[in-house]
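Taken in sequence, the protein lines are chains S and H.
According to my numbering, the first sequence is numbered sequentially starting from 1.
According to my numbering, the second sequence is numbered sequentially starting from 1.
These are calculated hints, taken from the structure and not from any lab test.
None of the values given here were measured: they were computed from a predicted structure.
The C-beta atom is built at its ideal place from N, Cα and C for all residues, glycine as well.
One or more hints might be untrue.
Claimed, not checked - With a cut-off of at most 25 Å between alpha-carbon atoms, the simulated DSS-like pairs for lysine-lysine come out as follows: (1) H:K99 - S:K68; (2) S:K24 - H:K99; (3) H:K99 - H:K52; (4) H:K3 - H:K69; (5) H:K69 - S:K78.
Claimed, not checked - Partner residues are not named here, just some residues of chain S that face chain H (Cβ under 10 Å, in silico): (6) E18; (7) G28; (8) S31; (9) L45; (10) K68; (11) F106.
If you want the building blocks of each chain, they are given just below.
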Amino acid sequence: DAGVIQSPRHEVTEMGQEVTLRCKPISGHNSLFWYRQTMMRGLELLIYFNNNVPIDDSGMPEDRFSAKMPNASFSTLKIQPSEPRDSAVYFCASSLNPGVYQPQHFGDGTRLSIL
Amino acid sequence: DAKTTQPPSMDCAEGRAANLPCNHSTISGNEYVYWYRQIHSQGPQYIIHGLKNNETNEMASLIITEDRKSSTLILPHATLRDTAVYYCIASNSGGSNYKLTFGKGTLLTVNP
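Chain S on its own, in the form it takes in the complex:
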C-alpha cells in the first residue's frame, strides 16, 4: 500500500521566494497533519485538517504560512515570502478519524533550505 507521499523531497531556494510543499495522504484517511522539525524546537504540529476542513492552525508560525486541502487526496503548505529561519524538515501525516484513536502515518518529509 502506498504511504503518505510528499514532494519535493528536497528544496533549496533563496530568501523571499515562494515555496510550496505537497502532500498526498493515504487513500481513505480523513485527517491530515502538517509538522515541522528543527533541531532547536523538535517536531511541532503546524495545522490539522479533518474532512478537508482546517480544524486547528494555532501552530502556524505567522501569516507567511498557509495550508490548503482542496480535496481528500491532496494538500499544500505554502510559505510566502520564505525566510532562512523557515529552514526545516516538513512532514505530512494522515490518519483515520472514526472516533477511536488511530495512529498517524507520516511521509518521509521535505527538507527545506532557505538561503
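Please build the complex by placing chain H on the supplied structure of chain S, with the hints as guidance.
Below, chain H alone, put in the same frame as chain S:
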C-alpha cells in the same frame, strides 16, 4: 498533554531485548501512552499505544505500571534497523483527539 521524561540515549546489543523507560507521573486518567519512533531521515512511525493494560503487537510490547506513572517499551529482539529516536507521548484520546506533542525522545543505538 502530560509531561514525559525519557533518557536521552541508550545502547543495546543486537539480538537482545531493548527496554525503553518513560516517566509520566502527571498522567491523567483519560490519557493514553503512545510510542513512536523516528529512524534517521524518515518520518516518525507509530509503534504502539495503551491506557492501563499491557499491550503487544508485532513490533513491540508496552508495559504500563499499575499506577500509570511510568511505562516501558520493549523490543524483544533488537536489530540494527531498530536504531532510532523513540518518543513516548502521553495524551488524551477521543474522537477529535489529534495532538501529539513530541519531546526529545530516546536515541536507541543497537550495536552489532
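Results of checking the hints against the structure:
no.	hint	verdict
1	H:K99 - S:K68	19 Å, holds
2	S:K24 - H:K99	20 Å, holds
3	H:K99 - H:K52	20 Å, holds
4	H:K3 - H:K69	11 Å, holds
5	H:K69 - S:K78	41 Å, violated
6	E18	24 Å, violated
7	G28	16 Å, violated
8	S31	6 Å, holds
9	L45	6 Å, holds
10	K68	18 Å, violated
11	F106	3 Å, holds
Violation of the numbered hints given earlier is confined to hints 5, 6, 7 and 10; the remaining hints are satisfied by the structure.
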